[in-house]
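> If you want the building blocks of each chain, they are given just below.
Number of protein chains: 2
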Amino acid sequence: MPGRRQPRPHRSPAPAEPAALAVVPGFRAAGMHAGIKKQEIPDLALIVSEPPARAAGIFTRNRFPSPSVQVSRMHVRSGECRALLVNSGNANACTGERGLRDAVELCRRTARAVGGREQEVLVASTGVIGVPLPIERVRRALPRLVRGLDPGGFPAAAEAIRTTDRLEKHGWAQVSVGGRQVTLFGMAKGAGMICPNMATMLAFFFTDLRAPAPALRRLLREGAAESFNRIQVDGDQSTNDTVLLLANGLADNAPAAAETSEYRAFASILFPMMRDLATRIVRDGEGATKVVEIAVHEARTNAEARLFAYRLAGSPLVKTSFYGQDPNWGRLMAALGDAGPGLDPQKIDIFYDSIPAVLNGISAGTRQEARLRQVLRRESFTVSIRLGRGPGAFSLLTSDLTHDYVSLNASYRS
Amino acid sequence: MPGRRQPRPHRSPAPAEPAALAVVPGFRAAGMHAGIKKQEIPDLALIVSEPPARAAGIFTRNRFPSPSVQVSRMHVRSGECRALLVNSGNANACTGERGLRDAVELCRRTARAVGGREQEVLVASTGVIGVPLPIERVRRALPRLVRGLDPGGFPAAAEAIRTTDRLEKHGWAQVSVGGRQVTLFGMAKGAGMICPNMATMLAFFFTDLRAPAPALRRLLREGAAESFNRIQVDGDQSTNDTVLLLANGLADNAPAAAETSEYRAFASILFPMMRDLATRIVRDGEGATKVVEIAVHEARTNAEARLFAYRLAGSPLVKTSFYGQDPNWGRLMAALGDAGPGLDPQKIDIFYDSIPAVLNGISAGTRQEARLRQVLRRESFTVSIRLGRGPGAFSLLTSDLTHDYVSLNASYRS
Numbered sequence: 001m002p003g004r005r006q007p008r009p010h011r012s013p014a015p016a017e018p019a020a021l022a023v024v025p026g027f028r029a030a031g032m033h034a035g036i037k038k039q040e041i042p043d044l045a046l047i048v049s050e051p052p053a054r055a056a057g058i059f060t061r062n063r064f065p066s067p068s069v070q071v072s073r074m075h076v077r078s079g080e081c082r083a084l085l086v087n088s089g090n091a092n093a094c095t096g097e098r099g100l101r102d103a104v105e106l107c108r109r110t111a112r113a114v115g116g117r118e119q120e121v122l123v124a125s126t127g128v129i130g131v132p133l134p135i136e137r138v139r140r141a142l143p144r145l146v147r148g149l150d151p152g153g154f155p156a157a158a159e160a161i162r163t164t165d166r167l168e169k170h171g172w173a174q175v176s177v178g179g180r181q182v183t184l185f186g187m188a189k190g191a192g193m194i195c196p197n198m199a200t201m202l203a204f205f206f207t208d209l210r211a212p213a214p215a216l217r218r219l220l221r222e223g224a225a226e227s228f229n230r231i232q233v234d235g236d237q238s239t240n241d242t243v244l245l246l247a248n249g250l251a252d253n254a255p256a257a258a259e260t261s262e263y264r265a266f267a268s269i270l271f272p273m274m275r276d277l278a279t280r281i282v283r284d285g286e287g288a289t290k291v292v293e294i295a296v297h298e299a300r301t302n303a304e305a306r307l308f309a310y311r312l313a314g315s316p317l318v319k320t321s322f323y324g325q326d327p328n329w330g331r332l333m334a335a336l337g338d339a340g341p342g343l344d345p346q347k348i349d350i351f352y353d354s355i356p357a358v359l360n361g362i363s364a365g366t367r368q369e370a371r372l373r374q375v376l377r378r379e380s381f382t383v384s385i386r387l388g389r390g391p392g393a394f395s396l397l398t399s400d401l402t403h404d405y406v407s408l409n410a411s412y413r414s
Numbered sequence: 001m002p003g004r005r006q007p008r009p010h011r012s013p014a015p016a017e018p019a020a021l022a023v024v025p026g027f028r029a030a031g032m033h034a035g036i037k038k039q040e041i042p043d044l045a046l047i048v049s050e051p052p053a054r055a056a057g058i059f060t061r062n063r064f065p066s067p068s069v070q071v072s073r074m075h076v077r078s079g080e081c082r083a084l085l086v087n088s089g090n091a092n093a094c095t096g097e098r099g100l101r102d103a104v105e106l107c108r109r110t111a112r113a114v115g116g117r118e119q120e121v122l123v124a125s126t127g128v129i130g131v132p133l134p135i136e137r138v139r140r141a142l143p144r145l146v147r148g149l150d151p152g153g154f155p156a157a158a159e160a161i162r163t164t165d166r167l168e169k170h171g172w173a174q175v176s177v178g179g180r181q182v183t184l185f186g187m188a189k190g191a192g193m194i195c196p197n198m199a200t201m202l203a204f205f206f207t208d209l210r211a212p213a214p215a216l217r218r219l220l221r222e223g224a225a226e227s228f229n230r231i232q233v234d235g236d237q238s239t240n241d242t243v244l245l246l247a248n249g250l251a252d253n254a255p256a257a258a259e260t261s262e263y264r265a266f267a268s269i270l271f272p273m274m275r276d277l278a279t280r281i282v283r284d285g286e287g288a289t290k291v292v293e294i295a296v297h298e299a300r301t302n303a304e305a306r307l308f309a310y311r312l313a314g315s316p317l318v319k320t321s322f323y324g325q326d327p328n329w330g331r332l333m334a335a336l337g338d339a340g341p342g343l344d345p346q347k348i349d350i351f352y353d354s355i356p357a358v359l360n361g362i363s364a365g366t367r368q369e370a371r372l373r374q375v376l377r378r379e380s381f382t383v384s385i386r387l388g389r390g391p392g393a394f395s396l397l398t399s400d401l402t403h404d405y406v407s408l409n410a411s412y413r414s
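If you read the sequences in order, they're chains X and L. According to our numbering, the first sequence is numbered sequentially starting from 1. According to our numbering, the second sequence is numbered sequentially starting from 1.
Any given hint could turn out to be false.
[Unchecked claim] With the C-beta cut set under 8 Å, the calculated list includes, among others, these residues of chain L facing chain X:
(1) Asn62
(2) Arg63
(3) Ala93
(4) Pro212
(5) Pro214
(6) Thr260
(7) Gly330
(8) Gly337
(9) Leu343
[Stated by the list, open to error] Label pairs and their calculated CB-CB ranges:
(10) X/Arg140 with L/Asp344: 52 to 58 Å
(11) X/Leu167 with L/Arg378: 33 to 39 Å
(12) L/Arg61 with X/Arg378: 33 to 39 Å
(13) L/Arg378 with X/Pro212: 32 to 38 Å
[Unchecked claim] Derived list of chain X stretches under chain L, where covered just means 3 residues or more per stretch with a C-beta under 8 Å from a C-beta of chain L:
(14) 122–136
(15) 272–284
(16) 353–365
(17) 396–404
Hint data in this document are derived by calculation from the structure and do not stem from the laboratory. Keep in mind the model is a prediction, meaning the values are calculated, not measured. For every residue, glycine included, the Cβ atom is placed at its ideal position computed from N, Cα and C.
Okay, chain X solo, but in the shape it has when bound (with noise of 0.2 Å):
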């Protein structure tokens, strides 16, 4: 047995609802292409509410965040939000005073065009860093986005903040709060660059829960923690990532402040839907053939067990093993040997699924190796890790190191 098991992902609905019930009540959007990507794809997309809704956000750690993170951590603050625009092909990032100037400017057209103040819209883009929005082009497509809202457009504007998504990324999902319907739709986009604090990561959740903003923050930290802070894809942590959770309040339940019943219950269909955006993003990392979960036990501490499951999905030989469908357990003992001091490696067993690779830090047996390499061809597989230090534990998502993510990434500007 390879220990105790982290709870898994478990699958939300079928990605494809019918567009009708993919509908949030308050909420109209709409998805469409401005002229930001080269391709004739969806680039821009606007999500409006009726009433306001209270708004709760995080946001990436990257020291050079993009402006328009910048701008909507501000406005996120202001506590009631309108509106959310997003574009992908362009990050804004590293663009220097025009960058700030450009995301202002977009609050300032949105709110002109839906109705309401500059802070009450945010923003998030995602793309290519360096280059100068072509603002004007937003500027003309904002009419025509803003004629398009449509209560059952938001598949459409889930579809126009991708980039190199292969994978749709969006759920929808209902609950009764204290006797009321509360209906969610969240969307995601990220394939690339995703690492702990949802590195290269959009994800937006719109709801008519009514509930205070501590608890909007409160559920959105608990979720991410579970779901966009256990994923790993190649460890880079973007200037862009940004995870928002927009709630109107339009189905009247009683507020669900933080702990009570009516907050556990949303929860309930939140964090697994966002769990398994998480696992879509890994499973969808560019290139990837697998997902593979590095659950780490007997550490001395939790945070210890994140740092080894971390180091392990970080490194690219590693990775690439699991590509060559190799159980190559060596690799897997020289990065925990590398990757920090008081290991005893006598008392280390790596499992592969239920199939054990290593017992006690050597060869669990060669007649082990034909059951490993079955384990090792499946899409996605455990590799669980004893350390016998004590009782912290920690388990992530990650994906392998292919031919394809090379491709993607050698000519992604191009």
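Since chain X is already given, all that's left is putting chain L on it; use the hints.
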């Protein structure tokens, strides 16, 4: 101008010297196929010194050192070294008690075959982790290996220590030390998993210099700091890294104690050879098509500059952009912003060779694009980063991340 340049490793004599030249008084060497590797290629090397040599060593800091490393670390302290036995094809790592018995047994057998005590024999191993050494094959091969010992055998020994290496990695040089001719032969192995502290790398230097043991240790440490500890291929530190310097004193020079003119004369051939072998290791990085110097200037301290340089060299997104010949400086900025606190983006300048890509944190202008692309097409170039924080500087050599890297590492064991 891209700021103050670090001295770059300069060429030592071409790798393929006439065999007659690759001789060091008192040393004999041999290499052969012992059956450790499946293919019929050399996998066992022996170098013997008569008289016994003084030895100094630097070993991996990986917490799970191979038993070969554990044994050699002890033996190198004993002061005298008669022989070095090196096998490729098997790392003798994560092999538990048996691995330790095997390493000691190899020393004992070798001592018996060449004369002397087992403490006077050093061993080193490289190859697959977790599989016990085929000790019986090594035992059977030893007598033939000893019979093959020859003053001109260094190149054959150098051939036998290689694994996935494509390039030859050895060099020979002479210098006058206080009127006496001193000779040096060096050989190295390494083409993947290269990172600070000489990960998965073997390098051995043999000389007839006369020098006290503390001076030998210092020569090795100073030389490694400017060579093997400034290279990065993929970031994992191996269980087996070993750098050794053996000096048998036959040149009969005045003892080259630290900081004497004799010491400096010998350093003038040792350090360039170490830099040259280190550069060849990067050039030979698994699947590498480019050697890139990353030079960080104007950091607060040298240690901070080093941290940023390794962070950039360790980013798969940065490394694939080199492979794609894409001056995608946004990835450098994102990685810097993700690396540490306190950086002011507006003070950052980035050059590819002498062409500016970023000035004051934003694009140096689209008219640089064509010139930048020309630089990226070179087989080697320098990325210079000025942080505008202080006097700290550090540079290292790294390689790109390529399709061949993935191919080689997805199938290494198979």
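> So, for every hint listed, does it hold in this structure?
Evaluation of the provided hints:
1. Taking 8 Å as the C-beta cut-off, the interface hint given for L/Asn62 holds, the closest approach to chain X being about 4 Å.
2. Restraint check, L/Arg63 versus chain X: the minimum CB separation of about 4 Å is within 8 Å; hint holds.
3. Against a cut-off of 8 Å between C-beta atoms, the interface hint on L/Ala93 holds, since the closest Cβ of chain X lies about 7 Å away.
4. Hint status for L/Pro212: violated, given a least beta-carbon distance of 32 Å to chain X, over 8 Å.
5. A hinted interface residue such as L/Pro214 counts as satisfied when its beta carbon comes closer than 8 Å to some beta carbon of chain X; here the least separation is about 27 Å, so the hint is violated.
6. A cut of 8 Å between beta carbons decides the hint on L/Thr260: the least distance to chain X is about 37 Å, and the hint is violated.
7. Annotation: interface hint on L/Gly330 holds; nearest CB of chain X at approximately 3 Å, less than 8 Å.
8. Interface hint at L/Gly337: satisfied, since its Cβ lies 3 Å from the closest Cβ of chain X, which is below the 8 Å cut-off.
9. The interface hint given for L/Leu343 holds, since its Cβ lies 6 Å from the closest Cβ of chain X, which is under the 8 Å cut-off.
10. Taking 52 to 58 Å as the suggested C-beta distance range, the pair X/Arg140 and L/Asp344 does not conform, at roughly 35 Å.
11. Separation of X/Leu167 from L/Arg378 is about 38 Å and conforms to the stated range, judged on CB atoms against 33 to 39 Å.
12. The supplied range of 33 to 39 Å is met by L/Arg61 and X/Arg378, whose beta-carbon atoms lie about 35 Å from each other.
13. Checking the proposed 32 to 38 Å range against L/Arg378 and X/Pro212 shows it is violated: the Cβ atoms sit about 59 Å from each other.
14. Interface restraint, the segment 122–136 of chain X with chain L: holds (4 residues with C-beta to C-beta distance below 8 Å; minimum three).
15. Figure legend: the segment 272–284 of chain X, annotated as covered by chain L; annotation inconsistent (0 residues with Cβ-Cβ distances under 8 Å, at least 3 required).
16. For a cut-off of 8 Å, the count of residues in the segment 353–365 of chain X with a CB near a CB of chain L stands at 5, and the three-residue condition holds.
17. Proximity of the segment 396–404 of chain X to chain L, defined as three or more residues with a beta carbon under 8 Å from a beta carbon of that chain, is established by the 3 residues found.
Of the numbered hints stated above, those contradicted by the structure are hints 4, 5, 6, 10, 13, 15, listed in ascending order.
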